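**Student:** Sequence:
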Amino acid sequence: MFNIEELERISSEETTLKTKKGNIIRKNFEEKHNHSWFDELYQRNKNNLDDIALFYRGTEITYGEMFKNMRKYAKSLKTQGIEKGTEIPICMSNTPELIYILGAISITGAKANIFSTEFEKSYITEIIDWCNADIIFVEDGNYHELKESIDNSHISKIFMTSLTDSLPKDGNPYAELDKKHGKFKNSVDEYEQQNHNIKSIEEFVSLGETYHGNIYEKVNLDDEFTTTYSSGSTNSNRAKGIVHTVRSFITIGRCHDTDVQKSASMKNFTIQAHIPTHSNTDIISSISDSLMQGSKLALEPIYDKDFFIDSLLINKPTYVVATRSFWIDTMKKVMYDPQYKGVKMPFLLIPFSVGEPLEKNEEKFLNKGLRKVHAGKDKIPTPVSPVTMSVAGGDCEHGGIFWILFRSLQSKLPGRLIKNEVAGLNPFQMVDIAILDENGKECAPYQMGRLVANSPCTMKYYKNNPEATNKFFIKDANGKVWGDCNVYSYIDSMGGVHMKGRIPSEKEEFPPFLIADTILKDTKNILSCEVVKNEEEDIYVAHIEMQPEAKNVKKALYSAEQRCENQFGEDFTSKIAYRLHSFEESFELTGCGKRNNRALKTEPITNKCIKPVISERGIDLVPISENNKESAKVYKK
Numbered sequence: 001m002f003n004i005e006e007l008e009r010i011s012s013e014e015t016t017l018k019t020k021k022g023n024i025i026r027k028n029f030e031e032k033h034n035h036s037w038f039d040e041l042y043q044r045n046k047n048n049l050d051d052i053a054l055f056y057r058g059t060e061i062t063y064g065e066m067f068k069n070m071r072k073y074a075k076s077l078k079t080q081g082i083e084k085g086t087e088i089p090i091c092m093s094n095t096p097e098l099i100y101i102l103g104a105i106s107i108t109g110a111k112a113n114i115f116s117t118e119f120e121k122s123y124i125t126e127i128i129d130w131c132n133a134d135i136i137f138v139e140d141g142n143y144h145e146l147k148e149s150i151d152n153s154h155i156s157k158i159f160m161t162s163l164t165d166s167l168p169k170d171g172n173p174y175a176e177l178d179k180k181h182g183k184f185k186n187s188v189d190e191y192e193q194q195n196h197n198i199k200s201i202e203e204f205v206s207l208g209e210t211y212h213g214n215i216y217e218k219v220n221l222d223d224e225f226t227t228t229y230s231s232g233s234t235n236s237n238r239a240k241g242i243v244h245t246v247r248s249f250i251t252i253g254r255c256h257d258t259d260v261q262k263s264a265s266m267k268n269f270t271i272q273a274h275i276p277t278h279s280n281t282d283i284i285s286s287i288s289d290s291l292m293q294g295s296k297l298a299l300e301p302i303y304d305k306d307f308f309i310d311s312l313l314i315n316k317p318t319y320v321v322a323t324r325s326f327w328i329d330t331m332k333k334v335m336y337d338p339q340y341k342g343v344k345m346p347f348l349l350i351p352f353s354v355g356e357p358l359e360k361n362e363e364k365f366l367n368k369g370l371r372k373v374h375a376g377k378d379k380i381p382t383p384v385s386p387v388t389m390s391v392a393g394g395d396c397e398h399g400g401i402f403w404i405l406f407r408s409l410q411s412k413l414p415g416r417l418i419k420n421e422v423a424g425l426n427p428f429q430m431v432d433i434a435i436l437d438e439n440g441k442e443c444a445p446y447q448m449g450r451l452v453a454n455s456p457c458t459m460k461y462y463k464n465n466p467e468a469t470n471k472f473f474i475k476d477a478n479g480k481v482w483g484d485c486n487v488y489s490y491i492d493s494m495g496g497v498h499m500k501g502r503i504p505s506e507k508e509e510f511p512p513f514l515i516a517d518t519i520l521k522d523t524k525n526i527l528s529c530e531v532v533k534n535e536e537e538d539i540y541v542a543h544i545e546m547q548p549e550a551k552n553v554k555k556a557l558y559s560a561e562q563r564c565e566n567q568f569g570e571d572f573t574s575k576i577a578y579r580l581h582s583f584e585e586s587f588e589l590t591g592c593g594k595r596n597n598r599a600l601k602t603e604p605i606t607n608k609c610i611k612p613v614i615s616e617r618g619i620d621l622v623p624i625s626e627n628n629k630e631s632a633k634v635y636k637k
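Residue numbers 1 to 637, in the numbering used here, belong to the letters of the sequence shown in order.
Hints are computed from structural coordinates only; laboratory data are not their basis.
Hints may be right or wrong, so weigh each one.
Stated by the list, open to error - Here are the simulated distance ranges between beta carbons:
id: 1; residue 1: 447; residue 2: 521; range: 42 to 50 Å
id: 2; residue 1: 467; residue 2: 175; range: 47 to 55 Å
id: 3; residue 1: 151; residue 2: 216; range: 47 to 55 Å
id: 4; residue 1: 465; residue 2: 617; range: 50 to 58 Å
id: 5; residue 1: 148; residue 2: 521; range: 25 to 33 Å
id: 6; residue 1: 59; residue 2: 342; range: 24 to 32 Å
id: 7; residue 1: 414; residue 2: 477; range: 29 to 37 Å
id: 8; residue 1: 168; residue 2: 206; range: 19 to 27 Å
id: 9; residue 1: 175; residue 2: 258; range: 36 to 44 Å
Since the structure is predicted, the reported quantities are computational estimates derived from the model, not experimental observations.
Where a beta carbon is used, it is the ideal one built from N, C-alpha and C, also for glycine.
With the sequences and hints as input, model every part of the structure.
**Tutor:** Below, the structure is given as structure tokens:
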């Protein structure tokens, strides 16, 4: 067996080879890929035009049909005066019509600004004003929320889609599952009667039937293609607009090619796109990457953790990117909800967790659920389920620049077994990363610091926000410019990146993630932990969800308190309170399905916040109320 020094030497050699290979691939970009997103998709799929590109509630659309529709839409855009550089506002779900619009925008050299109805109205008005097109694409279910902003804007034509536009001619075979959401209703005709500026998507397509001019613009890798928005974990109503060039999309597609990644071909995969379309993660990692690899893209317009399990059963994806909260909720259902008793998912080979760190405790729980649903058995029929959780990473500003395929299996490699640590995230060939200390110098392995990254996937800038852009691009001690991931991280001896909590604006004695890590050492009883500081009361609140089969909650919390005292001392631990979330309650989520830390921070200190204390009866969980919260600081064993 290799010793640690030998493993570190091999890891260093692999890093050098990866850098050389990355440089060769980057050079190849300029020579063979300096064109539009549409051109890249077509070149990759021109020999499989009869293969299925899109699946939507039973409707199957081939690559040939998809490209034909993209060209039709491009002709119609030209009739509306759309030119290279024109920015078009879009508020739609994951539907075939969105894919056609993106392809048409790429053909014409225009830009897509994809936003959400969850933003505050004044911000939506700003976004529409940023766009210089006088047209907008809106889904009928979103129009009510946008009407006021559109009416007060320069928009002269509203092209309206519906979730029903691409349903099978003989009806939606999944209507029973969909009807509880009430979204599959076509209201376009009704809106057209109210406003003569509204036209259906069919009317939009018909505009291009008599257009015979050129539709193809010369597009370069560094031309802007999309404005999408951040996850909203810090400000959901005014999420920052993130501008990406064509290069970002083609880079991620190239990263997943088998000659680069040395992984199985995704050509015969079904990949589900269900994350909201205003997220770069959905557009690049689900939509674009699927089509780049010649996969079948299953488009899911409903984004709701309570529907996620149903969406998996409808779309039967081989590979799906979802937040850990969506995965945890789904595995709770398949293991404990009688409604889903006996559900199997043999189609699910690669379940990816994205957007947040996935703790060892949560991974253990999720892998148990994957075994129960026979995940992957259709793809790799073995007596033992071959599937474990895979992990993707990287913020929307950088794109999906990290991934680990089957992380639990990776964690069983000799080097990690010796170190007793889970596998870290590894960047793709074309990504440079560093962990910087507070002086901008590169950290040693296992030294915690600030994660920074550079790659062709890095955003160009924040839309209309130069101040935030300047904060994002930082220099290290040698003057090299990096994109700031703004998270605590360290690199292990195998070169894997371990991302922790966000870096606060002010230095803290003990960052919240260190408290959470200490509490989470109990993988048997504790499932999840999010620690936030209540600034007003100077109390750290550890929001905890227990493992479903935890035997003794009081003892588990008291043990957590003991670990914190050993790690941080009694004085600091006296400022830690515990807030138990029930199995059903779990955590509030943002619009993108990540845990809403902003909501946790603003939650007041109530009698739900407790301390484990020793009494004559044993261990008691004492609430910290308005009358006794100060006493939490003087409880003794």
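**Student:** Within 36 to 44 Å or not, the Cβ separation of residue 175 and residue 258?
**Tutor:** holds (39 Å)
**Student:** Take the C-beta atom of residue 59 and the C-beta atom of residue 342, compute their distance, and say whether it sits inside 24 to 32 Å.
**Tutor:** holds (28 Å)
**Student:** Evaluate the given range 47 to 55 Å for the C-beta pair formed by residue 467 and residue 175.
**Tutor:** Holds: the Cβ-Cβ distance is about 48 Å, inside 47 to 55 Å.
**Student:** Given a hint of 25 to 33 Å, does the C-beta separation of residue 148 and residue 521 actually sit inside it?
**Tutor:** violated (51 Å)
**Student:** Could you tell me whether the CB distance from residue 168 to residue 206 stays inside 19 to 27 Å?
**Tutor:** For residue 168 and residue 206 the Cβ distance comes to about 22 Å; the hint holds.
**Student:** Can the suggested window of 50 to 58 Å be confirmed for the beta-carbon pair residue 465 and residue 617?
**Tutor:** With a Cβ separation near 56 Å, residue 465 and residue 617 satisfy 50 to 58 Å, so the hint holds.
**Student:** Within 47 to 55 Å or not, the Cβ separation of residue 151 and residue 216?
**Tutor:** violated (35 Å)
**Student:** At the C-beta level, are residue 447 and residue 521 separated by a distance inside 42 to 50 Å?
**Tutor:** violated (21 Å)
**Student:** Are residue 414 and residue 477 spaced within 29 to 37 Å by their CB atoms?
**Tutor:** holds (35 Å)
Going through the hint list in order, the structure does not satisfy hints 1, 3, 5.
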